[in-house]
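All chains, please: the whole structure from these sequences, using the hints.
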Amino acid sequence: METTYCDRCGEPGGGAAHDGCRAARELEPPRFCAHCRRRMKVQVVPAGWTATCVEHGTLTGH
Amino acid sequence: MSTSSVSVLDRARTRVLAEGQGLDQADILEVLRLPDEDIPAALQLAHEVRMRWCGPEVEVEGIVSLKTGGCPEDCHFCSQSGLFSSPVRSVWLDIPSLVKAAEQTAATGASEFCIVAAVRGPDAKLMQQMRDGVKAIKEAVDINVAASLGMLSQEQVDDLVDMGVHRYNHNLETCRSYFPNVVTTHSWEERWSTLKMVRDSGMEVCCGGIIGLGETLEQRAEFAAQLAELEPDEVPLNFLNPRPGTPLGDQPVMDPKDALRAIAAFRLALPRTILRYAGGREITLGDLGTREGLLGGINAVIVGNYLTTLGRPATSDLELLAELKMPVKALSATL
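Heads up: the sequence lines are chains W and X, in that order. Each residue of the first sequence is one higher than the one before, starting from 61 at the first, in our numbering. Each residue of the second sequence is one higher than the one before, starting from 1434 at the first, in our numbering.
Please note: incorrect hints may appear among the correct ones.
[Claimed, not checked] Beta-carbon label-pair distances, calculated as ranges:
hint: 1; chain 1: W; residue 1: 63; chain 2: X; residue 2: 1575; range: 35 to 45 Å
hint: 2; chain 1: X; residue 1: 1457; chain 2: W; residue 2: 117; range: 50 to 60 Å
hint: 3; chain 1: X; residue 1: 1719; chain 2: W; residue 2: 122; range: 16 to 26 Å
hint: 4; chain 1: W; residue 1: 117; chain 2: X; residue 2: 1752; range: 31 to 41 Å
[Unchecked claim] Stretch-level coverage of chain W by chain X, calculated; a stretch enters the list once three of its residues show a Cβ under 8 Å from a Cβ in chain X:
hint: 5; stretch: 77–89
hint: 6; stretch: 99–110
Read the hints as simulated data drawn from the structure, not as lab findings. Heads up, the beta-carbon is just placed ideally off N, CA and C, and yes, glycines get one too.
This is the structure in structure tokens:
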């Protein structure tokens, strides 16, 4: 599936414009679905996180 | 070492290290103003104070958000306010996931598990979730349960005591004089009122705040002195992690040297409290900052992730504690 949007800021993704977002994402879960730009439901717990887009499913991470 | 800093650190050596009394506001301000070359000496003294009055143990805690986002309050640093254009959506954690998070926290050796909700104060639904959640945790996990649910009524304080919540977190966030610049939907005094009720209930009081909100050094010293007046059992020390979409989203991350000065100053103001490294330490001080803090007055950490942002892996902190020969405070030591 094509990635279209930045999963941190929700703007059209790719390129140097999102270097700051990529760096910040090391300490943040995603907030926007990279496929459709919907704000995801994100739950952070001590040992991980889940981020759910109603259309594109759930991502997990630590 | 500069002449003035010799003076304030000498005073601290007598008053704080030898006598166990915190510095007053004027001396806290002097520590916050120490020249760069005196920061190591201040941190070393703060470490000696912590070892003398608290001991080598480090209290480890995990925190989890029971109810995220959609908060009606306007705390300008917070991505969970429903009044800002933050990307954080409202979400509730179910009880099985809450228990699992408590189990994972206990597996790290932590003695504390704090349940947090982004609310002005708890409503009936949240109090029922707490009742069910705390009961389920206590049946499944051997860990102290703390809570942070905003401003409370006396009845809610009593309910939390009945549930077995042993510590309540309610941060003042910043000093009284700067608070209106940070929050306009409620007052510093309202927060103070909840803290007094918590104190009178017998629950332990956890109260800290965020450094780097734009407050002056004078206001930072005022904040430390006001916390000392409260005599909290624990002070969580956060450093601003500017969140997109919040009024403080463009605030610069604070200078790491100022963060280290603040750690030393808060320990010298609060020699006997549990001083916990909380949010923002990674972005402000990097990996090395954890070591410097633990050798500079900090004696508690939040391990793993925070409420909406991610932290260092718990194993990184635990390995560092082992290397520094700082034992994790056992659950039995807190009961």
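- Hints broken by the structure, by number, lowest first? The structure breaks none of the hints.
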